[in-house]
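S.K.: Listed here are the chains, written in short residue letters.
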Amino acid sequence: MNAPIQIKGIVRGGQTLKQHRDEIIEATKRTGHYAGLKKMALRDSDPIMYNKLFSRLRAGVVDARETAKKIAASPIVEQEGELCFTLYNAAGDSILTSTGIIIHVGTMGAAIKYMIENDWESNPGVRDRDIFCNNDSLIGNVHPCDIHTIVPIFHEGALIGWVGGVTHVIDTGAVGPGSMTTGQVQRFGDGYSVTCRKVGENDTLFRDWLHESQRSVRTTRYWMLDERTRIAGCHMIRRMVEEVIAEEGIDAYWQFAYEAVEHGRLGLQNRIKAMTIPGKYRQVGFVDVPYAHDDVRVPSDFAKVDTIMHTPSEMTIRPDGTWRLDFEGSSRWGWHTYNAHSVSFTSGIWVMMTQTLIPTEMINDGAAYGTEFRLPKGTWMNPDDRRVAFAYSWHFLVSSWTALWRGLSRAYFGRGYLEEVNAGNANTSNWLQGGGFNQYDEIHAVNSFECAANGVGASAIADGISHAAAIWNPEGDMGDMEIWELAEPLIYLGRQIKASSGGAGKFRGGCGFESLRMVWNAKDWTMFFMGNGHISSDWGLMGGYPAASGYRFEAHDTGLKEIIASGGDIPHGGDTDPQNPVWDAMLGGAKIKRDKQAITTEAMFKDYDLYLNYMRGGPGFGDPLDRDPQAVADDVNGGYLVERFAASVYGVVLKTAASGLFEADEAATETRRAQIRADRLARAVPTRDWMARERERILQKDAGVHVQQMFAASFKLGPRWEEGFRKFWDLPIDWQLMEADLPIPSYGRDYSMDLSELPDVKTVQFVEE
Amino acid sequence: MPLDKQNGRSVQVLGIDAGGTMTDTFFVDADGEFVVGKAQSTPDNEALGLIESSREGLGHWGLSLEDALSSIQTGVYSGTAMLNRVVQRKGLKCGLIVNAGMEDFHRMGRAIQAYLGFAYEDRIHLNTHYFDEPLVPRHRTRGVMERVDMFGDVVIPLREDSAIAAARELIAQDVEGIVISLLHSYKNPHHERRVRDIVRAEVEAAGKSIPVFASVDYYPVRKETHRTNTTILEAYAAEPSRQTLKKITSAFKDNGSRFDFRVMATHGGTISWKAKELARTIVSGPIGGVIGAKYLGEVLGYRNIACSDIGGTSFDVALITQNELTIRNDPDMARLVLSLPLVAMDSVGAGAGSFIRLDPYTKAIKLGPDSAGYRVGVCWAESGIETVTISDCHVILGYLNPDNFLGGQVKLDRQRAWDAMKVQIADPLGLSVEDAAAGVIELLDSDLRDYLRSMISGKGYSPASFTCFSYGGAGPVHAYGYTEGLGFEDVIVPAWAAGFSAFGCAAADFEYRYDKSLDLNIAETASDDLKAAEARTLNEAWHELTERVLEEFELNGYTRDQVTLQPGFRMQYRGQLNDLEIESPIHTARTAADWDRLVAAFNDTYGRVYAASARSPELGYSVTGAIMRGTVPIPKPKIPKEPELGATPPEDAKLGTRRFYRRKRWVDAQLYQMERLQPGNRITGPAIIESDATTFVVPDGFETWLDGHRLFHLKEV
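As they're listed, the protein sequences go chains A and B.
In terms of UniProt numbering, the first sequence opens at residue 1 and continues consecutively.
In terms of UniProt numbering, the second sequence opens at residue 1 and continues consecutively.
Please keep in mind that the hints were generated in silico from the structure rather than gathered at the bench.
Do not rely on the hints blindly, as some may be mistaken.
BS3-like, lysine-lysine: derived pairs with alpha carbons at most 27 Å apart [claimed, not checked]:
(1) B:93 to B:253
(2) A:38 to B:459
(3) A:273 to B:363
(4) A:591 to A:606
(5) A:8 to A:198
(6) A:70 to B:516
(7) B:274 to B:253
(8) A:606 to B:715
What the simulated footprint calls covered on chain A by chain B, stretch by stretch (three residues with Cβ under 8 Å from a Cβ of chain B suffice, anywhere in the stretch; the number is not a length) [stated by the list, open to error]:
(9) 44 to 56
(10) 269 to 281
It should be emphasised that the depicted structure is a prediction, and the values quoted were computed from it without experimental measurement.
For glycine and all other residues, C-beta sits at the position ideal for the given N, C-alpha and C.
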């Protein structure tokens, strides 16, 4: 027969998924309103029905998360809540989400859009009761250990939406054990990678998938139960949507699924208008990648370099409440696992916004549509090479976003929203990871999530709270020690608030905490460290100090077995003042590593070895000399501040009260503070003079190679940013800083090849590049 | 309640619900008739309010307190005093002994405690999170050097000198109680018990009497934050409550009573005020209603019940399935994670006093979570409230009689409510005031309905197999709304809805429940020998718990043969972190076949609660706990049984009509006096049935009839 083939799409109304998404994008672009919805007909004509739909659907996704997480065996999921469920419309834009790791509202949406753009509809087909799995960081996932389960939702044979569930699994079969490993320098070492694969039909997983996936990771039991958690949650939500449609009708649901996104967009715009001041806000973030060290063992010589990652940002807020975030000047991706896809970078910013700017009922992709992003291609947050690794993209994501808190907080401060000011998020580390054989004599990997409870940045009216939150999950928790000891062959010898880890200030940053772990019942065991060490990852605000950066403490051949038996002193509690350590002397001839090398690769550990897991604090707000002296005394009494910093940082002189506790000596404090202020003035030089001196250093290239490499990479990818730099420092035209001239390798500098260059691949562009 | 029988009553049962503002008493006589007394609470000396409430209630029967008390056989107390003591941090000055190096863990809490109980918007809004003061401050916390691992093996033997030093330092600080909680003590109690004995010896040597609480003697279950918080509550809050209960008991004895008070406990039974684990009486009030529903269900044959209670500030839901309560083992309360068995109750912060607001940026309608509480709403001019509440909607729409609120004690001003509603909600939404108010009610009803539905489906059931009980001051106002379309088998409003919690307390079993952590692990394909061995281990644990239960009853003068025992267990797939509590289908476990029956009961429940696809038998099974509950028969309120009369309500029950707005139109609702309606009466909506403490709304499209037990049945027609 020669009759033309009638292509009928699976989307309700007969469009194909691609046609449907194209139409939404076109209408959004044309009108400036999501899906062209200049008016929200359902909300305006029947606000009660609209609110009912919203309230019921959201209760459903929240409830599904609470119920499903109990299926999991992984403490990461069950205790820390590292999971999230999100409901999408047919175009893959999120309508509503549960709480949890909500960065995946964006990343799962990106996976759905990848399926749409690459015609999954015709091959492998998208049918009712299918199950898809994805963890591909090249198409938007944060890192491979976040596993997505995606289930399409059909009504009367037509697709009306999607539901996605994500959990952070303990191991993805990377080069090293743990979910966010450091040893690999290319994606191929990141572990199991799955691209929107159809893994089940008729609500049942394929056996080949089960066999392949379960042997691709070290911690099979966690993997299995995590997958059942995700599927159960998705199915609960699908059933709820079916019930809602049965009651309220498909038309209302369908209408809601698009109006809700526009609602979210407007919500953001209105909040920006209400809480900020139009203008340009600039800030910057850095983090260290200290790979030239002996304890970082990587397969490739060209990766064995110390570098610094760099994210300048410019936030432009317009009077109409729209805004643009431009990251021109960011440094290039690198041969490490700290690169990020543009979707994870922007989704994370969305997460940050939900914690401060739009903590409202309607958080969804509307806010993403309401934000213009520019991420130059080739930067670490928008790499142009399909070899880059992502396993711990958070390393720099968290330090880049903390800068944005400062930008927003300056705006809040200007508008008088002092309680909304937040000096920034902590660097969410250390990550205790490793593996081997555990106490049950099984192959195992560990990935402590205690650092879901870091210190919080100070506000303009109060200290940041301590050991409480993580930028990627505001519902932070450190979990019970007894549960971590079930999951890890490591017993606790200490869990203590980390003194002076929060940045000093009129209001200080919240403190992190530290756990001292002794290896116990482990065999063929390894562990490593992951966090910032040489660089403060955040900044204080308006005179506040940054949080303390990280360091590592590990001890081998400790002799603890004998010390325990003989009744000798056992290291316990916290490493309260690392500059004046007390444990080291208790451990006689032990091999101790105590330094700023806070990133390492797998080192061998055995029973009775020690490992310090130190969770960072948050930055402070305001000049520490303005802090209430008694609050400083209370901080020392409470273990939030190392005693000697009371005088040196806060200018507070302490005396001992009758109770045995410290109190502030008011008169002596006043004198001390006056002296510090006088010293500051004595040290100060006019800006002009300082700039002249610094300019001379720039002309001489008087900086570490890693600093030069960072600037050279930023100049290359950000010509406008370079121009600004040159203008600011008044640099002559012949002053050039090129990576090629530096004495370290820079593979990837000139040659790269993007995923989009592979046959049959249509990547989805989400940001201006 | 009929007021015709004034003499010759023999009052049998007293139930007490001592809330923060009102103290309700509930008396039942030998014929099953009951009366409710109300008085203001007297937190400084609770006994005063109780006596006053009792006098008030008995006054309706023309009885004096002294006349009534001598015949009462059983009295059950429930109240919020202990909870308030915790929330306001007004407990005893306690010391805490934990592992050396971990002295910070109690004050660090679990970070989850920084946002427990928050609404969605605040859970994600970081700057709103905060920690409460720890129950025991850091400077009264001491560490002892020892470590036991998760298998119960000793890693660091106890260094007794550290325990002695800890004890002495705390004693020197004049603490009023010492709590001890060491890691994994639930698995190996020896170190913790040794520390306990050392502390006791030191207390004695110091010539003091300071009670000592070892977590393993109270709540020997995993998760140190939960276990420690709960044990601290025993020392911090429960001991003062014990003194209060003692005072109440003697106040009543002074007035002629002969019974000992029992207290409603979190597991849903009542325990003696002398019981060791008194912390589990921390929330008792709201549980009362659930127990009342369970009791009615047992007597009248309702096996699956959804209990719903709306007060001024919250909507509480609980489920009874097959006459059994659902128990949660690591609940949270007062922003503390705990390890008590608690009747699973979910609360939404939405009640009659909840404020209604529009989000200024998105125009979304927000209900609560804060509430005007007893100040009703804008409609009460003297309240000082300026933000409209659900009660304002009630007044605008004709649900409530503005002249008969709390029996006319408070006069409400409809116009005030109407004006405020117009400005705050109706105009911004472009709706008429009536449609806005009706819309808010519809939204609230829909929220509550979803909540009920998700709770039932979360248990793997459908509403069709449940009877919904609606009580509390505002429950009957909304019963039609939150049950509409769910397809409940029946919807019941007891005529004594406002006093239902106190009734439930009076109906509660005298029940002790003990739990023991176990760690039995077995593969799916384990041999019969192994299965039998595990069954026997469980059986031994049941036996041990049985002894503890029987001992408690012996203290209260009951013999062993009077106690009915029901074993239970907690099971999970091996490696999981959450277990399910299962009522055992068998009373003793010895053989492989017995084991298989336990496993089958678990698999069945698991598939219902989560999803059949979430079952993971290939992982094998772990039994994580043994449970034993024991009850003894006690006098309970008799459920009234009156003959049914005609379907037509008597004329003297009619109170005229009131305009009532729903679904975009005004209708005239027939008003009735609840107490004058007779069994058998049938009322078709629109009608409103009023009594002093509650209002039962029957809109058009609904019908209700009153049965011989004084229960209203609500139906969609």
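S.K.: Evaluate each hint against the coordinates.
M.R.: So, going through the hints one by one against the coordinates:
Proximity of residue 93 of chain B to residue 253 of chain B is assessed by CA-CA distance (about 31 Å); at most 27 Å being required, the pair is judged violated. Annotation: proposed proximity of residue 38 of chain A to residue 459 of chain B is violated, straight-line Cα distance about 42 Å (limit 27 Å). Restraint check: the Cα-Cα separation between residue 273 of chain A and residue 363 of chain B comes to about 15 Å, which is no more than 27 Å; the hinted pair holds. In summary, the hint linking residue 591 of chain A to residue 606 of chain A is supported, as the alpha carbons are separated by about 13 Å, within the 27 Å threshold.
Restraint check for residue 8 of chain A and residue 198 of chain A: satisfied, since their Cα atoms lie roughly 21 Å apart, inside the 27 Å limit. Among the hinted pairs, residue 70 of chain A with residue 516 of chain B is consistent with the structure: their alpha-carbon atoms are about 21 Å apart, no more than 27 Å. A distance of roughly 16 Å separates the Cα atoms of residue 274 of chain B and residue 253 of chain B; the hinted pair therefore holds under the 27 Å criterion. Restraint check for residue 606 of chain A and residue 715 of chain B: not satisfied, since their Cα atoms lie roughly 69 Å apart, outside the 27 Å limit.
Only residues whose C-beta sits within less than 8 Å of a C-beta in chain B count toward coverage, and the segment 44 to 56 of chain A has 8 of them, enough to reach three; the restraint holds. Judged by the Cβ-Cβ criterion of 8 Å, the segment 269 to 281 of chain A is covered by chain B as claimed, because 3 of its residues qualify and three suffice.
When held up to the earlier numbered hints, the structure conflicts with 1, 2 and 8 and fits the remainder.
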